[in-house]
Amino acid sequence: MKAKILSLVGFSTIQHSLRTEILAGLTTFTSMSYILALMPVMFAPLAEKGYPMDSLVTATTLSAIIGTLLMAFLAKRPFGQAPGLALNLFFVETVCISLGYSWQFALTAVFIEGLLFVLLCMSNLRQLIFDMMPASLKYAIAAGIGFFIATIGFKNSGLLAEGTIFNHIHTLVNPNSLLFLLGLLLGGAFTVMRIRGGLLLSIIIVTIAGIPAGVTQIPDSLFSLPTSPAPLFCQFSWEELLTPDLWVCVLTMLFFDIFDTLGSVVGLMANAGHIRKNGRIPHMRSIMLSDAIATMTGACLGCSTVTTYVESATGVAEGGRTGLTALVIALCFILSLFMAPLFLAIPSAATAPIMVMAGFYLFGSVRRIELSKPVETIPAFLTILLMPATGSITDGIIIGLFTYVAFSFIENGLNWIRRRSTQQPLE
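Under my numbering, the first residue of the sequence shown is numbered 1, with each subsequent residue one higher.
Hints were generated in silico from the structure; no laboratory data involved. Hints are supplied without guarantee of correctness; some may be wrong.
Within a straight-line C-alpha distance of at most 20 Å, the following computed SDA-like cross-link-like pairs (lysine to any residue) qualify [claimed, not checked]:
hint, residue 1, residue 2
1, Lys4, Phe73
2, Lys373, Leu414
3, Lys373, Gly413
4, Lys373, Leu331
5, Lys155, Ala389
6, Lys373, Lys49
7, Lys49, Glu240
8, Lys155, Tyr361
9, Lys155, Ala37
10, Lys155, Leu89
11, Lys49, Ile22
Per label pair, the in silico range of CB-to-CB distance [to be verified]:
hint, residue 1, residue 2, range
12, Pro212, Gly188, 39 to 49 Å
13, Asn412, Arg280, 48 to 58 Å
14, Thr252, Met193, 38 to 48 Å
15, Trp416, Ile14, 48 to 58 Å
Glycine residues also receive a C-beta, built at the ideal position from the N, C-alpha and C atoms.
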């Protein structure tokens with residue numbers, strides 16, 4: 001039975017290590033479990049619109065469980081899924097607050113977007129978009145995501161809150177920042193020493209060290225019963241199905257979901273060494289399909305768009321390579337339904353350094369960029385630069401693709417002119 005389950009998630013006792021995959025799953029979960037605490041904060045403005053906040057954490061956890069199990073058994077890849085932060089902001093701040101639509105309207109748009117994403121995954125359009133990217137740009141996406149999540153790690157530490165570190169030395173003299181630096185030192189040291197599970201060990205050490213420092217809050221109880229997700233289940237508003245406003249929201253969500261997922265997957269697969277020499281990624285369809293189906297089920301549960309988390313890079317850095325890592329992540333989310341206070345007690349000072357270290361691992365992809373070809377190198381550079389600068393993976397990819405197409409057009413045009421000018425005129 002055990003061997004059968006392991007084979008279903010792509011695990012091979014010859015090629016992979018059970019201990020490594022388990023440690024990778026635990027590391028990824030601790031790095032992305034913050035979403036359980038952050039979702040109520042992000043959705044708080046919808047409480048006055050009648051959104052049942054008591055059911056949100058349960059719905060978020062269930063959507064993460066389903067999405068990650070899809071990634072484990074369908075795609076067989078070591079990635080965790082949960083409602084995405086950027087798309088959460090679009091759902092709440094743009095659709096519901098700025099535009100004034102109901103949260104039921106927004107959930108309907110998410111469900112339809114997920115359905116369209118499924119159809120795209122089953123067609124050749126998905127592969128066409130992926131094949132548009134040169135190999136250099138794919139590796140640049142990985143490196144850009146590395147800088148992106150490392151920047152998030154530093155921001156979560158509080159060190160970038162008031163400007164540069166050296167202009168504000170006093171920002172270092174507080175428990176949160178000092179624990180972050182301790183975690184960064186431990187994570188780096190364990191990496192240099194090649195200790196498997198070192199990133200997870202550093203999270204544990206910093207969490208324990210945060211107790212006397214007052215950063216880690218000891219919960220009153222380790223166990224809690226999940227609230228019912230029923231008030232959020234399938235709360236769709238089909239009355240606006242044929243309205244232009246709904247389809248504008250649907251297409252906007254679809255655009256961001258495709259490129260956000262595409263960027264995360266390319267970056268993570270590059271870090272795992274799964275991009276082939278021809279630039280192809282194995283099982284790309286099943287990975288994207290897992291993401292798309294998860295979005296539909298997440299909408300049914302009452303959550304915004306579910307996506308593949310770049311924090312999965314922390315588990316990949318620990319050596320996670322198969323769906324067993326994702327299965328461990330899903331099991332941790334299942335435990336969090338009943339032990340949420342324990343997992344939410346892990347402070348950001350413990351997980352932020354791991355995001356920086358994961359960025360370091362992703363940064364290694366730059367060595368594969370073909371620097372002798374400016375047509376590919378310039379878009380690659382802009383992609384890497386703009387992801388952390390704009391705070392958006394999608395923006396970096398779009399600018400990279402646009403500049404690559406523009407420079408390729410210019411290069412091909414100049415080559416055509418040169419060929420025409422060297423042709424001998426007919427007598």
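Here is how each hint holds up against the structure:
For the hint pairing Lys4 with Phe73, the CA-to-CA distance comes to about 12 Å; that is within 20 Å, so the pair holds. Between Lys373 and Leu414 the CA atoms are separated by roughly 15 Å; this keeps the pair inside 20 Å, and the hint holds. For the given pair, Lys373 sits about 16 Å from Gly413 by alpha-carbon distance, which is consistent with the 20 Å threshold. At roughly 45 Å between alpha-carbon atoms, Lys373 and Leu331 are farther apart than 20 Å, so this suggested pair is violated.
Under the criterion of a C-alpha separation no larger than 20 Å, the hint pairing Lys155 with Ala389 is consistent with the structure, at around 13 Å. For the given pair, Lys373 sits about 53 Å from Lys49 by alpha-carbon distance, which is inconsistent with the 20 Å threshold. Using a Cα cut-off of 20 Å, the hinted pair Lys49 and Glu240 holds, with the two alpha carbons roughly 18 Å apart. Proposed proximity of Lys155 and Tyr361 is supported: the alpha carbons are some 19 Å apart, at most 20 Å.
For a cut-off of 20 Å, the pair hint linking Lys155 to Ala37 stands: about 17 Å separates their Cα positions. For the proposed pair Lys155 and Leu89, the alpha carbon gap of about 18 Å is at most 20 Å, so the pair holds. With a C-alpha separation of about 41 Å, the suggested pairing of Lys49 with Ile22 is violated against the 20 Å cut-off. Our hint of 39 to 49 Å for Pro212 and Gly188 is violated, since their Cβ atoms are close to 24 Å apart.
Taking the beta carbon of each, Asn412 and Arg280 are about 24 Å apart, not inside 48 to 58 Å as hinted. For the pair Thr252 and Met193, the beta carbons lie near 46 Å from each other, so the given range of 38 to 48 Å is met. Look at Trp416 against Ile14: about 52 Å separates their beta carbons, and that is inside 48 to 58 Å.
The structure is inconsistent with the numbered hints 4, 6, 11, 12, 13, although it conforms to all the rest.
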